[in-house]
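S.K.: Each protein sequence line maps, in turn, to chains R and C.
Residues in the first sequence are numbered from 1 upward in steps of one, following our numbering.
Residues in the second sequence are numbered from 1001 upward in steps of one, following our numbering.
Don't read these hints as lab results, they were simulated from the structure.
Computed from a predicted model, the values in this text were never measured in an experiment.
Some hints could be false.
Within a straight-line C-alpha distance of at most 30 Å, the following computed DSS-like cross-link-like pairs (lysine-lysine) qualify [claimed, not checked]:
(1) Lys-100/R <-> Lys-1057/C
(2) Lys-57/R <-> Lys-71/R
(3) Lys-57/R <-> Lys-1009/C
(4) Lys-55/R <-> Lys-1009/C
(5) Lys-59/R <-> Lys-71/R
(6) Lys-100/R <-> Lys-59/R
(7) Lys-71/R <-> Lys-1057/C
Covered, in the sense of this in silico footprint (three residues per stretch, anywhere, with C-beta under 8 Å from a C-beta of chain C), are these stretches of chain R [claimed, not checked]:
(8) 44-53
(9) 59-68
Using C-beta positions, here's what the derived DEER-type ranges look like [what the hints assert, rightly or not]:
(10) Asn-24/R <-> Ile-1060/C: 25 to 33 Å
(11) Gln-14/R <-> Glu-1062/C: 45 to 53 Å
(12) Thr-18/R <-> Ser-1080/C: 46 to 54 Å
(13) Lys-1057/C <-> Asp-39/R: 25 to 33 Å
(14) Pro-82/R <-> Ser-1079/C: 27 to 35 Å
Don't be surprised by glycine CBs; every beta carbon is placed ideally from N, CA and C.
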Amino acid sequence: SQKIEQNSEALNIQEGKTATLTCNYTNYSPAYLQWYRQDPGRGPVFLLLIRENEKEKRKERLKVTFDTTLKQSLFHITASQPADSATYLCALGPSGTASKLTFGTGTRLQVTL
Amino acid sequence: DSGVTQTPKHLITATGQRVTLRCSPRSGDLSVYWYQQSLDQGLQFLIQYYNGEERAKGNILERFSAQQFPDLHSELNLSSLELGDSALYFCASSVGPSGPTSTDTQYFGPGTRLTVL
């Protein structure tokens, strides 16, 4: 069955370092993948989209990679700030029996001073 | 501000009761999605409507139902409420399928926090 895996353990990093979050999937062949940010008690907010024919996408301090062979996406935040602390969700585009965007469970990032 | 509105913001009710949550999508969006998020849990997809018709269904309980009206707003009805139904309920909207290169980027509302006592 189709499965999306994000590290359920929180990622703790120091301010100024690069945070790297991982999204792995199985039994999917999505045409695109998205990353969202969710703050406690609030709805997720769209950050970036990367298509299957793109290896890398950047937006300011954010960078996303998409390896369809490894079935993995990496989400990087460079020069992390405490304000980057949040839960980050990956979401896969429709594939096979999944007719819509499907969200992973998210990884919580905590950036400390 | 995503442009998606949800009412009410908070709802406190008793077990066995019925409530209705309301969502207005972004202007121009035809798809509406409902999600449930319990404390410290991931987003659980409930149901999707596209232009008034049910398009996809997740693990939605039989006690829950939804509909999308001609003006594209949507309502989620929860009945025979149980303590375990206490959660944040999010509505999201997207443009909807519009071609082979379209994406399903979703814009989320602020949520309705339901507390069942």
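S.K.: Run the distance test for Lys-55/R versus Lys-1009/C: straight-line Cα separation, threshold 30 Å.
M.R.: Status violated; Cα separation ~40 Å.
S.K.: Take the C-alpha atoms of Lys-71/R and Lys-1057/C, compute the straight-line distance between them, and say whether it is at most 30 Å.
M.R.: 26 Å, holds
S.K.: CA of Lys-57/R to CA of Lys-1009/C, is that 30 Å or under?
M.R.: The hint is violated at about 35 Å.
S.K.: Against the range 25 to 33 Å, how does the distance between the Cβ atoms of Asn-24/R and Ile-1060/C compare: consistent or not?
M.R.: 27 Å, holds
S.K.: Indicate whether the distance between the beta carbons of Lys-1057/C and Asp-39/R respects the range 25 to 33 Å.
M.R.: 28 Å, holds
S.K.: Between Lys-57/R and Lys-71/R, is the straight-line Cα distance small enough, at 30 Å or below?
M.R.: OK: Lys-57/R and Lys-71/R at ~16 Å, within 30 Å.
S.K.: Cut-off 8 Å, C-beta pairs, minimum 3 residues; does the coverage of the segment 59-68 of chain R by chain C stand?
M.R.: Not satisfied, violated; 0 residues make the cut.
S.K.: Has the given pair, Lys-100/R with Lys-1057/C, been kept, meaning a C-alpha gap of at most 30 Å?
M.R.: 10 Å, holds
S.K.: For Gln-14/R and Glu-1062/C, compare the CB-CB distance with the range 45 to 53 Å and indicate the outcome.
M.R.: Given a distance of about 49 Å, which is inside 45 to 53 Å, the answer is holds.
S.K.: For the segment 44-53 of chain R, do at least 3 residues have a Cβ located nearer than 8 Å to some Cβ of chain C?
M.R.: holds (count 4)
S.K.: Between Lys-59/R and Lys-71/R, does the CA-CA distance stay at or below 30 Å?
M.R.: Status holds; Cα separation ~22 Å.
S.K.: Would the pair Lys-100/R and Lys-59/R pass a check requiring their Cα atoms to be no farther apart than 30 Å?
M.R.: 25 Å, holds
In summary, the structure is inconsistent with hints 3, 4, 9 and 14 from the numbered list given earlier, while agreeing with the others.
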